[in-house]
Amino acid sequence: MVELFSESKIFKIRKLHYGWIVVIGTALMLFGGAGSRFSFGIFLKPVTEEFDWTRGSLAGAIAIAGLATGGLRPVAGMLADRYDPKTVAATGVAIGGLALAGMSAVQELWHAYVVFIVMGIGFTVASPGAVAKIVGAWFTRRRALAMSIAGSGSAVGETALVPVAAIAVAFIGWREGYLILAGILLVLILPLMVLLIKSRPGPGEHADEADRKNGSTGEFNDDMANPNIGMSLGQACRTGLFWRLTIGFFI
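Each residue of the sequence shown is one higher than the one before, starting from 1 at the first, in my numbering.
One should not assume that every hint holds.
With beta-carbon atoms standing in for the labels, derived distance ranges [stated by the list, open to error]:
hint, residue 1, residue 2, range
1, Leu241, Gly41, 35 to 45 Å
2, Asp81, Ile247, 14 to 24 Å
3, Thr87, Ala170, 14 to 24 Å
4, Glu176, Ala155, 22 to 32 Å
5, Ala170, Arg238, 14 to 24 Å
6, Val164, Asp84, 28 to 38 Å
7, Glu50, Ile167, 10 to 20 Å
8, Gly70, Glu50, 28 to 38 Å
9, Leu16, Leu67, 38 to 48 Å
10, Ile247, Trp20, 30 to 40 Å
11, Leu192, Ile64, 37 to 47 Å
If you are wondering where the hints come from, they were derived from the structure by calculation, not from laboratory data.
We put the CB at the ideal spot given by N, CA and C, even for glycine.
Produce the entire structure from the sequences given, and follow the hints as far as they go.
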């Protein structure tokens, strides 16, 4: 009699590489950050009408937050390099979520400016730089695929959270809408990030399944995934490729 349940290779289920769980966690982080940022336009009209502000005055706060986001990206990257990137990213999500909650309590225009700047700082810290650091530690041969999947969290967040914000504003009010977004970040996304994300493989873990198949011992090799190994920042700045990439991303 043929054994249907055996250790035959036909029925062998390969264990899921934990790096893909990490990808889910980082995608959730980008989901919350991007979705919250892109929902700002939903709040512009009801907020300005309640306080009799011009839309340009409130849009100025959003613009300043955007400048802060761009200017602080290198700092966020250095923080992810110097400290545990999971902790850095989680801190950024917490700051962003608290700032969203703070927007529900604004009474003056300068309150909005302060909150948006803090929010920009938070979402900058929880940026793709931290994702690259985390995901890069778990993958080598399939690193581009893993980062692409993680990065898709931004697009999904923009698609999903903007309608959530619009429905909340339409039916219960803009203050409650901000609280709902804050709750999504602080109550759902942040705990899942902490639960799912590991900054790098531990002892006995490996960078990804492809490396193990190609003869890796299964031990994590720090030289294989640490972006600090190789060129220094100064050396990279002296290459044309670095500046072409920098200008391309800036544009």
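### Query
Between glutamate 50 and isoleucine 167, does the C-beta distance stay in 10 to 20 Å?
holds (19 Å)
### Query
Okay, threonine 87 versus alanine 170 on CB: inside 14 to 24 Å?
violated (37 Å)
### Task
Go ahead and decide if the range 35 to 45 Å is satisfied by the Cβ distance of leucine 241 to glycine 41.
holds (36 Å)
#### Entry: 38 to 48 Å as the expected CB spacing between leucine 67 and leucine 16, which holds or is violated
holds (41 Å)
### Message
Given a hint of 28 to 38 Å, does the C-beta separation of valine 164 and aspartate 84 actually sit inside it?
### Response
For aspartate 84 against valine 164, whose Cβ atoms are near 31 Å apart, the range 28 to 38 Å holds.
### Distance restraint evaluation - glutamate 176, alanine 155, Cβ atoms, bounds 22 to 32 Å
holds (26 Å)
### Range hint compliance [Cβ, leucine 192 to isoleucine 64, 37 to 47 Å]
Given range 37 to 47 Å: violated, Cβ gap about 31 Å.
### arginine 238 and alanine 170 - C-beta distance against the hinted 14 to 24 Å
With Cβ atoms ~54 Å apart, the hint is violated.
### Status of the given 28 to 38 Å range, CB of glutamate 50 versus CB of glycine 70
Holds - the Cβ-Cβ distance for glycine 70 and glutamate 50, about 30 Å, lies within 28 to 38 Å.
### Query
Is 30 to 40 Å a correct range for the gap between the Cβ atoms of isoleucine 247 and tryptophan 20?
holds (33 Å)
### 14 to 24 Å as the expected CB spacing between isoleucine 247 and aspartate 81, which holds or is violated
For aspartate 81 and isoleucine 247 the Cβ distance comes to about 22 Å; the hint holds.
Violated hints, listed in ascending order, are 3, 5, 11; each of the other numbered hints is respected by the structure.
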